[in-house]
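> In case you want the letters, here they are:
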Amino acid sequence: MNEISEVSVFRYNPGTDESPRYEKYQVPFSQGMTVLEVLKYIYDNFSPIAFRFGCRIKACGSCTVMMNKRPVMACKAKAEEVMTIEPISVLPFVRDLIVDFDAFFDKRAKIRPFIDPPKAKIDLPRQLDYEVVSRYRECEICVECLICDAACPVVERSPHLFAGPCTMLELARLYRDPQDQGDRLRLAQSEGLSECDLCGKCTKMCPAGIKIHEVIKELQQLAFGQAHSG
Amino acid sequence: MIAGRRFTMRPFSVYEADVLVIGGGVTATRAAVAAHDQGAKVVLVDKGILGKSGGGPVAFSVTCAFMQAPDSAEVLFRDMIASGQGLNNRRLVKAFVEDVFEGRVLELEKFGIVFARERDGQLSRRQMGGHSQPRDVASFHAASMVNVMVSEVMRREIKVFSETAITKLLTYQGRIVGAIGLKRKTGEMIVFRAKSTVLTAGGASQAFGPGSVCGYSTTLLEITGDSYAMAYRVGAELVDMEFIQYILAFAYPELYKGILAGEPAAHNAKLYNSLGERFMERYDPERMERSTKDILAAAIVQEVKAGRGTPHGGAWMDFSAASDDSLHIFPYPFEEAGIDPRKDRVEVMPAAHYHMGGVKISEKCESNVPGLYASAEAAGGLHGANRLAGCSTADSNVFGSRSGKYAAIDALRTERVGIDWQQTLEEEERLRRLLETGKKVSGIKPVDLKRKIQTVLWNDAGPLRDRASLTMAIKKIKELREEYGQLRLRDTSAQYNNELMEAVDIANMLDFGEMMAQAALLREETRGGHYREDFPKKDDEKWLKNIVIKKQDNEMCVSTMPVVM
Chain D
1 MNEISEVSVF RYNPGTDESP RYEKYQVPFS QGMTVLEVLK YIYDNFSPIA FRFGCRIKAC
61 GSCTVMMNKR PVMACKAKAE EVMTIEPISV LPFVRDLIVD FDAFFDKRAK IRPFIDPPKA
121 KIDLPRQLDY EVVSRYRECE ICVECLICDA ACPVVERSPH LFAGPCTMLE LARLYRDPQD
181 QGDRLRLAQS EGLSECDLCG KCTKMCPAGI KIHEVIKELQ QLAFGQAHSG
Chain S
1 MIAGRRFTMR PFSVYEADVL VIGGGVTATR AAVAAHDQGA KVVLVDKGIL GKSGGGPVAF
61 SVTCAFMQAP DSAEVLFRDM IASGQGLNNR RLVKAFVEDV FEGRVLELEK FGIVFARERD
121 GQLSRRQMGG HSQPRDVASF HAASMVNVMV SEVMRREIKV FSETAITKLL TYQGRIVGAI
181 GLKRKTGEMI VFRAKSTVLT AGGASQAFGP GSVCGYSTTL LEITGDSYAM AYRVGAELVD
241 MEFIQYILAF AYPELYKGIL AGEPAAHNAK LYNSLGERFM ERYDPERMER STKDILAAAI
301 VQEVKAGRGT PHGGAWMDFS AASDDSLHIF PYPFEEAGID PRKDRVEVMP AAHYHMGGVK
361 ISEKCESNVP GLYASAEAAG GLHGANRLAG CSTADSNVFG SRSGKYAAID ALRTERVGID
421 WQQTLEEEER LRRLLETGKK VSGIKPVDLK RKIQTVLWND AGPLRDRASL TMAIKKIKEL
481 REEYGQLRLR DTSAQYNNEL MEAVDIANML DFGEMMAQAA LLREETRGGH YREDFPKKDD
541 EKWLKNIVIK KQDNEMCVST MPVVM
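Line by line, the protein sequences give chains D and S. When we follow this note's numbering, the leftmost residue of the first sequence carries the number 1, and every step to the right adds one. When we follow this note's numbering, the leftmost residue of the second sequence carries the number 1, and every step to the right adds one.
FYI, nobody ran anything at the bench for these hints, they're computed from the structure. This structure is a prediction, so every number in the text was calculated from the model and none was measured. There may be inaccurate statements among the hints.
Heads up, simulated DSBU-like pairs for lysine-lysine below, C-alpha to C-alpha not over 30 angstroms straight-line [to be verified]:
#	chain 1	residue 1	chain 2	residue 2
1	S	Lys185	D	Lys58
2	S	Lys159	S	Lys185
3	D	Lys58	S	Lys343
4	D	Lys107	D	Lys24
5	S	Lys542	D	Lys107
6	S	Lys185	D	Lys107
7	D	Lys211	S	Lys110
8	S	Lys343	D	Lys78
9	D	Lys69	S	Lys185
10	D	Lys24	S	Lys452
11	D	Lys58	S	Lys110
12	D	Lys119	S	Lys110
13	S	Lys94	S	Lys542
14	D	Lys78	S	Lys445
15	D	Lys24	S	Lys439
16	S	Lys475	S	Lys452
17	S	Lys542	S	Lys475
18	S	Lys452	D	Lys110
19	D	Lys204	D	Lys110
20	S	Lys452	D	Lys121
Pulled out of the complex, with its shape left as it was, chain S reads as follows (with noise of 0.2 angstroms):
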């Protein structure tokens, strides 16, 4: 059935290509790059605007860019499996290590990025938390990996459709044959055809706290579980989908809540409860401030439950023996909150940061669905339950381009693939009913629906977790399923409609915080970035195996999985 005029979006058009890639970051245009020097015609799709959407811009800090002696491919295989607590997947591990001694992080330089120098013109390298050598550098500037990557992207003139929303992947006979988007623009539908298909449009931590403009998230708008959701459905296996990286961010005011604070080890900074206490002593008393995401985020949040939290709910963070350097790394939003880090104590909480789980994949990031790959935060299994510092951009640096290559070799051997017409043309007919939703006479905005599913995944299923919340969290979302169906858009026009780019997030927020929910029920332990009350401690007896998470006959199938050696 055709649609009346008003509501119709524009017909589709088709684009055709070798690889199709997912995504707008440092991964995506890593992969687009690969690929495109493998042979293939690529096309770039992402949902933003190319290097200004998602995790690009805040990309700064990177690990394994230059190491030497006593560092080695063992200390980094060491230091990645503690951060992991052991559910890293050692081929991945391995083939990462591996990668990024070939210098594939140090190659930046080559596309033009300056990484920090010291006065005598040397890399300036941090010793990162967890890390037990200095192997992180800097830029100056938070966007210039991505940047850099944009230019290369340029210089081989691959085709680049910004702001354009892939809100399905495309089968036939059981092969991945490209995706079908949203341009945002325009409103018009793209069918996009190609042999590989590559996500790397990861993490989901927007789908995190109802914070006034976005989630309680350190990362950009389009963070919204997008890659989960879309490979869920396909039915690709995901992995450590429990596995929630919180970072300590800015907890007050209210616009900046999210916002990095700052690893405390990378600016000498220390941590104070509301006594006054340096309480770290408490939960690592060996390397203090100086601990790992995990521990750092558990133990804020566990002072706060106490009773000893600050007024916003979160711990003192001292920059006062922080360096020049260190205070302008990032663009910390001291001077727009009204704080001098140099005399201030900054309020700071865990904020959705980064996700471990992901798709599971081979070390040539293919999927178990023929002709999807995926890579870095998209994927799971490299970093184990945490992740170490400065990794996930080493992580982007290194399966990016692995997705892209083993895409496009796969790509260039595949013959031209079929198409499912019928499935674009539901796809067009989901959105345009979304649309539609504008003649009801009543129902729920978006923007309210999206902070229910950000109030349920943060209280119920966030840093705090034990089996009534989790059950709870279920159910709710569930609730919420049934509430999708009362979307009204108030906005009806196809043309750059922010509000049903709102409505297809949210379907993908909530089958991303389903998966999250069934897994962080099943693993009753408490590991890296997964905090279970009930279970405060680690079972390495039960516990050392990954969950995985599967579509079968429309059922989320969640099962275990011993870890891959």
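Here chain D stands alone, though its shape is the one from the complex (with noise of 0.2 angstroms):
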């Protein structure tokens, strides 16, 4: 027995469009059913909306939308039978649910993601241990999809005071690799790692199950010691 999901989907091609709109769509909808394969049905069957998908399995990072102003993965998130779909709106608007993830990358490479190499030269393969392994895994595992900026009250309130959780993660993932000599806590400084509150919507959305806030928590004890507190 099928059953019906009223999508509304927002639509605007600033090339063409005077306005943007919300479109509805009655999609088939049957328990399980993922937002991803409810924007393709759309797309098949009713209209070539504007939407990015990769891997199906949360291994890129590239089809987050919000979904009732919840940010989310459309191949994770499970869809409901009312359902209004729009872009996330930390990375600047393209077309429909398409955002700019040039501006992502504009923003990581001024962090200077990359290892700050040590002056000797190391012998290959590293000698690490476990432990430094395990804390690194926790920061590596991010696959950028932005859920966490996207959920993040101060990102949303003072974009230009904080940089958002998925660029802390990147510089902690940095710092806990003991092969980088870079400033990372530094650089965390100003990218506005103080500004961060601790409330933890990040952790409870990230689809990897990283601790973001506990990370970010981390690195504000690190660089402001313990009497820091947000």
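Two chains, two separate frames, one set of hints: put the complex together.
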């Protein structure tokens, strides 16, 4: 028995449309259906919406959209019977559900996301304690889906002050790599580390299950000492 | 003639560099970095988002990072030839073996990758199917390899054009002088002028199987045979196009059809048919589930054909003896699919994973066309009839680096090359015409035509083939070429138009599909990733040779050549 999902999709092509609108579609709905399948159904059968996906298994992080005001990965999130789908707002808008990832790379380049190598030559394979590796792994499994940034109230309130949880996580990854000689704590500070009030929304939403706010908390403690209260 | 206002694409702009790298995965980034380090000005152009497209986000396992006695160059060489069933280009294999033993893969650690470690801090090494030694390492995160390489691209401030689809290679006096592409975000055509061009956008897996959201493939949406088709059109020779690697993948639910289920060897997994038999006893009694990918895939296909398949046309894979680490090494969608791998058996089927064939290259990654280079999956020959596990990403590191290096050396001693602007105008015209199809009253949607080609290649030229099905596939591809003229895009805006992208992809899939089917029809035997029902045995007497495809006088010419020793 198939039900119907009432889906409202944000549509706007700045090149041709006078103003944005929401278009409504009725999509055959079955329990367990993902948002991605709903979007693809609309694309195939009703209207060629501009949307993006890649891997289907939360590995590429390119299908993030807002579903009923919540940032989700379309390939993972289960569809709801009444849904509004919009683009995320943490990157510049392009068309319909498409946002501009070039801006993400520009932002990334600013924090020099590559190993600042030690002067001495290192022997490969690197000698790494299991503990060090585990701590590194925690930050490394991020797929840059930007759900954390989209869920962050500080980013929403003052994007000019705080680069967002995703950037902090990347800095923590580099900090936790014993090979990296960059001053990541200082970089984190200049990207607004102290602005984070550790509300934990990022952690709650992270599809990779990373405890992002705890990682940020540790960065704050390292940068400002135990006294800092956010 | 200039187009009417509404459908006009933006006038093109020109970007000039020494080396143009086409692609966006591990190979592309390694090539770009290697070319830059030779002192060349490099531009990297990716159809998807750099690092989030193609194969990069799922390239988690790599072989030959760290090898110790009794492993040796000779042992590795022998393993590769055995898996490739004698068709490997020996000069490429020799170069590969030399480079991995010099540490080409391990140097990723210098760039910051952290491969999985044992409790004592040593690298975890796994012995994968077909390898006689434990030499596979894995990262914790599927995208680690491409991510560290994207960082290296940023370190060097290499110019990147993400979501810019190269649609045509440009020639001038017999040389490749760059390419023209569509910047999807704006609809702008960009001419990339370069003295050397490197194709790394390999694979064509998305051309197989009409899945609900994409092909029956382990790879991402972008993998549509682009490098093969574009190289073919400019007269490059392609080799081993008949060999497709199928790997065990989810057969159900529909969304995950084609998603990697992993090598049984990596998970201590067992395979069963619907009668509960461990059917690998029939196909490879010695190695059982530790067999190579080609034998595993062919075995499942034969079980299904004999009526011993599972409800969704596959086999049962039992993960109950897998280690926790192995279950988390890749984002397997167990939870999303409602499967508990400890208790439930997983329905698996062979899905398109990798393409052994590609542009015929030298050890320096040169094609037969001056100025055109290709590497890793875009090139053919290294893996012969079947690739060994983990050798794709190792190939990306070795030949990605080689292609960038030699493309740069050649570019730096080449004078600025000319350009034939007529070709760029014609290509702009081709895309503009596709957009204008929206004016038609009726026609076929790109997505529907795409499913047709995916159906033909899967049913008639996929895991099971014979003369009749391949002849039928070639006939149907010809018909689909006619139907391509009936395309009608509903979306007529040049700005981020997914339908326009699909229309460009379909043209590539058609050329790829015909090459593959023609080569498969000619090879009357079964070997590696080529399973002929009407010739189920390997025939070394007649077929220990490679098939080469080349466009001549607008015809697809298929011939054979001796294996390069």
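> When you check the alpha-carbon spacing of Lys24/D and Lys439/S, does it fall within 30 angstroms?
holds, 25 angstroms
> Given the hint that Lys452/S pairs with Lys110/D, does the C-alpha gap stay at or below 30 angstroms?
violated, 45 angstroms
> Lys343/S and Lys78/D: Cα distance at most 30 angstroms?
holds, 24 angstroms
> Can the restraint linking Lys452/S and Lys121/D be considered satisfied, given a maximum Cα separation of 30 angstroms?
Judged against 30 angstroms, a Cα distance of about 55 angstroms means the pair is violated.
> Sort out whether Lys343/S lies within 30 angstroms of Lys58/D, counting only the CA atoms.
Cα-Cα ~23 angstroms, so holds.
> Given the hint that Lys78/D pairs with Lys445/S, does the C-alpha gap stay at or below 30 angstroms?
holds, 28 angstroms
> Mind checking the alpha carbons of Lys159/S and Lys185/S for me, to see if they're no more than 30 angstroms apart?
holds, 17 angstroms
> Holds or violated: Lys542/S and Lys475/S, Cα atoms, limit 30 angstroms.
holds, 26 angstroms
> For the pair supplied as a hint, Lys94/S and Lys542/S, is the alpha-carbon distance within the 30 angstroms limit?
Within the cut-off at roughly 25 angstroms; holds.
> For the pair we were handed, Lys185/S and Lys58/D, check the Cα-Cα distance against 30 angstroms.
holds, 23 angstroms
> CA of Lys24/D to CA of Lys452/S, is that 30 angstroms or under?
Satisfied, since the Cα-Cα distance of roughly 29 angstroms is no more than 30 angstroms.
> Taken at face value, is the distance from the CA of Lys110/S to the CA of Lys211/D at most 30 angstroms?
holds, 27 angstroms
The structure is inconsistent with the numbered hints 4, 5, 18 and 20, although it conforms to all the rest.
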